[in-house]
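Since the structure of chain A is provided, determine the placement of chain B on it from the hints.
These are the residues of each chain, in order.
There are 2 protein chains.
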Amino acid sequence: MIRVNLENIISDLSLSSYQKKVKLIDQQIKKKTGPGHEFLGWHDLPIKISNEDLDLMNEYAQKVRANYEVLVVCGIGGSYLGARTAIEALRGLKSNDPLEIIFFGQTFSSDYTFEILRYLGNKNFAINVISKSGTTTETAIAFRLLKNLLEKKIGKEKARQAIFVTTDATSGALKKLSLKEGYRTFVLPSDIGGRYSVLTPVGLFPIACAGLNIKEMVLGAIDAFHTYNHPSLENNEAYKYAIARDYLYQNGKSVELFVLYEPKLLMLGEWLKQLFGESEGKMKKGLFPASVSFSTDLHSLGQFIQDGTPLLFETIIHFENANNDVSIPFEEENLDGLNYLANKTLNEVNTKAFLGTLDAHVNVGQVPNIVLELETLNEKTLGHLFYFFMKTCAMSSYLLDVNPFNQPGVEVYKEKMFELLGKKKG
Amino acid sequence: MIRVNLENIISDLSLSSYQKKVKLIDQQIKKKTGPGHEFLGWHDLPIKISNEDLDLMNEYAQKVRANYEVLVVCGIGGSYLGARTAIEALRGLKSNDPLEIIFFGQTFSSDYTFEILRYLGNKNFAINVISKSGTTTETAIAFRLLKNLLEKKIGKEKARQAIFVTTDATSGALKKLSLKEGYRTFVLPSDIGGRYSVLTPVGLFPIACAGLNIKEMVLGAIDAFHTYNHPSLENNEAYKYAIARDYLYQNGKSVELFVLYEPKLLMLGEWLKQLFGESEGKMKKGLFPASVSFSTDLHSLGQFIQDGTPLLFETIIHFENANNDVSIPFEEENLDGLNYLANKTLNEVNTKAFLGTLDAHVNVGQVPNIVLELETLNEKTLGHLFYFFMKTCAMSSYLLDVNPFNQPGVEVYKEKMFELLGKKKG
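If you read the sequences in order, they're chains A and B. Residues in the first sequence are numbered from 1 upward in steps of one, following this note's numbering. Residues in the second sequence are numbered from 1 upward in steps of one, following this note's numbering.
Extracted from the complex, chain A is given alone in its bound form:
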């Protein structure tokens, strides 16, 4: 389903030189013996998700779709990036679906918060709050404000029906509150970290609410689980991508630039930044992850990529087919000189932009390019792609000799902030 094209990485990477190390790490992942192994729950998750769980998510999603104008998804980091990525990628940026979805609880900005609360004041809305502990500060503040607003608007009883909680199975503030109030809840498994959680209810419930087919998405992930579940580099595209990244990093590249040719895929770049940046960026190591939308950003970052400091390589996530295509019309007068494109489709032009840019960056700019080739974007391919990247990320973090599943550096700013805010420890 995904082909990792390494023809343009301008280097003499030999797969076989990595094979032994990859085999060892593959065993480490499967036998759960490496650092962070207690967070490997995502690995066989696709084949463990039950139909009952998916049916329940779909049932609650139908309630949301039938009864509300807006769903507010309240979460930060891994608790919103996966869902937002899938919903934008599959519904587009100007969706005509009747349910609007707003992401909230990911910022302390009073201006953003003020605007969202003002907007929701006139809307009939439901909430999906997502937090393992229930005390993540951004999300907890936002949820307190939302709950207040909702209870004032429609009363405590109706508000109860409109709140859906995704949290730990047994402990934490949100679990406690849910039991007390009788909120409908989904479980965020304790052996899966935020950035690996898109295929749990963290991602799947909002995605189902958006009117998308989560069963297909899981089928794609099951397919990926089997496809990448062996150590042979010749046939494992996820591992092939992992060693190409490692090789380029070891040979002097310090930035990986994720390239997307569809504006609706921009959030995938954000999801990838978290996945790779938080997994690999430790012990003073790791590729700095950045992302662009082409051809848009060829008119901003294109100059630097082509001809600036040679510190980066590109990873292009390329879908061959568009979901909807548009023909370029013929015009008698042709003042804009575009008639050479008349009756071509925009996706044909976008493909030539991709090929032309690849040629320019690789052969003129000497920028290594990895191309991930896919056919059509849909629930199934996106589920497959999510899993592919998580598998790659585990392998390439272990290649770097770092724990792919912790994030000790994220705690530092929190401690400093809590001190300044006068929060008591404990």
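Take the hints with a grain of salt, since some may be wrong.
Lysine to aspartate or glutamate pairs mimicking DMTMM-like chemistry, simulated, CA-CA at most 25 Å apart [what the hints assert, rightly or not]: (1) B/Lys-423 x A/Asp-325; (2) B/Lys-123 x A/Glu-373; (3) B/Lys-152 x A/Glu-333.
Treat the hints as calculated values from the structure; they're not laboratory data.
Leaving out everything else, chain B in the frame of chain A:
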């Protein structure tokens, strides 16, 4: 109006060691003797903009606001980034202004194009097409499609009234078409490049349409022109920022990460990426520009910044005051443990997040931080800020010994693409 705080750059930068070089470059800019001097039109633009020009923009903007539901701004690169930055920053991301503004003509994506055309099919819309030549491919295709749709919907005569063109004063396809059709036009001065054009009608007309005060914005830029119009590093914050960037680059940093604490300022990060990336990223030199929104992205890139490869420094653009503030409510039960924040405002919390993160990144992570301190975001401060950055960028590009005003690398992909599309040369 802007204070450049260099207390956290973890280095022994001495202003005086740069003073001589800065003085020479300052002369080069003022006397227009450096490379690319033919594109220095932006430099004294603020004091040259006439009230008549601003009045005309406001007059046409009133027509747009009075007669249409949507304004489609059709442009790419510098022909949309400045306007979009200002409109989002000043109206917010969930504006309740009656005029919706859509940015288009910046992509070949057929999916995005399909969605926008579907959406506009039911809307009463006007167009502002922005292109110096009129043959920029993305923009020209989008405009052909929009014009077609509009003429079919409301007829050629009414469409004529709904189209506003920003283009060259005398030549090019759009100028020709405008003369023929009688479109209302604004001039894109030939001595100002795209990324320096936000204070020309390229930026100002859409900003006026958004209901914002462009006279205030120009006043802010005039203020900036005078404030930064002398070479003394002690008192020139734009130059001070330029040499700090240069110093960090020369001492091993290769990525500048622009940090914003307001989601509505995210596009400012995109504008800055173009400004600096396209100005400096040439001859295998330059800082790679990236941007984040905190605290949101502390939950994605925070780990890497705190503890990953030490290749970056941060530039924080910090506004002290929020435009709208929100109080955190008290809750009797306090299950979420947030009562220690009760009756504090979100902007107080956001400020502590900023200070705590600064401490964590600088003192624990050893990441140099430049802080640009501002008071309140409004038309005037934003106009000032735009000019400040352009002045910094000219100085720091010349410090790098590159031409700040060309972009030869952007042409390479275009040539390759045109070949693949079978476009005839000439």
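Hints versus structure:
no., hint, result
1, B/Lys-423 x A/Asp-325, "holds, 21 Å"
2, B/Lys-123 x A/Glu-373, "violated, 37 Å"
3, B/Lys-152 x A/Glu-333, "holds, 17 Å"
Figure legend: structure checked against the earlier numbered hints; the only hint not met is number 2.
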